[in-house]
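Enquirer: Sequence:
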Amino acid sequence: MQVKCLIICLGLGLLMLGTGPVCEARRARGRGRTKSRVQIGLPITGKYRDPESDQYYNNNNGAKILQASHFDLEYVLGHKIAFLCVAKGNPRPHITWYKDGAEIYQHLYMHVHEWTIGDDRVKSKIEIDPATQMDAGLYECTADNMYSIDRRSFKTDFSIAFD
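Each residue of the sequence shown is one higher than the one before, starting from 1 at the first, in the UniProt record's numbering.
Read the hints as simulated data drawn from the structure, not as lab findings. Careful, some of the hints might be misleading.
[As the list claims (entries may be wrong)] Simulated crosslink set (DSS-like; lysine-lysine; CA at most 30 Å straight-line):
{"hint": "1", "residue 1": "64", "residue 2": "125"}
{"hint": "2", "residue 1": "64", "residue 2": "80"}
{"hint": "3", "residue 1": "123", "residue 2": "80"}
{"hint": "4", "residue 1": "125", "residue 2": "80"}
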C-alpha cells in the first residue's frame, strides 16, 4: 500500500511540475488485493530550461569525484577502516568528510590524509584505527569548488571477531 501511495504522490508531484506523467491506480474490493498500472513518460533531454542553469550544472570545470570507496563496509572491531576519495575540477576541489550528516575532523584515532595531484586533482583518505562500535554509520565524501558539488556515501557496520 505504501509503494502505491508513493507512486501516486510521485505522479502528482510530476504533474504539478508540468511534465505530464500518466498515472492510474485503483484498489479492488477485498482485503489486501490491489491492481495498479503505472506509466510515466518523461522527456529526458539533459538540458535545463534556463541557459544559466544549464551552464552552471554542466560546467566542465565543476568538481567531480573520479574514484571513491564505493562499497558498504563491515569492519571488525579493533581493526582499521579506510575510505578514499579522488576528485577533479578547476579550480581544484576541496574535499570534506561527514559521518551521519555531521562534518568530521581529525583526532587521535582518525587521521585525514590529503594529496594534490597536478593542478586540478586532489586525493583524500580517512583512516580510523582502531575502529569501535561508535564508528559505525554513514560516511560521506564531498568535493566542491565554485562550479559544483559532488558526493559519495559509504555505509559501515561492525562485526565481532572471535579467536
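Enquirer: If a hint holds in the structure, say so; if it doesn't, say that too.
Expert: Consistency of the hints with the structure:
no. : hint        : in the structure
1   : 64 with 125 : holds, 16 Å
2   : 64 with 80  : holds, 27 Å
3   : 123 with 80 : holds, 19 Å
4   : 125 with 80 : holds, 13 Å
Hint check: no violations occur; every hint is consistent with the structure.
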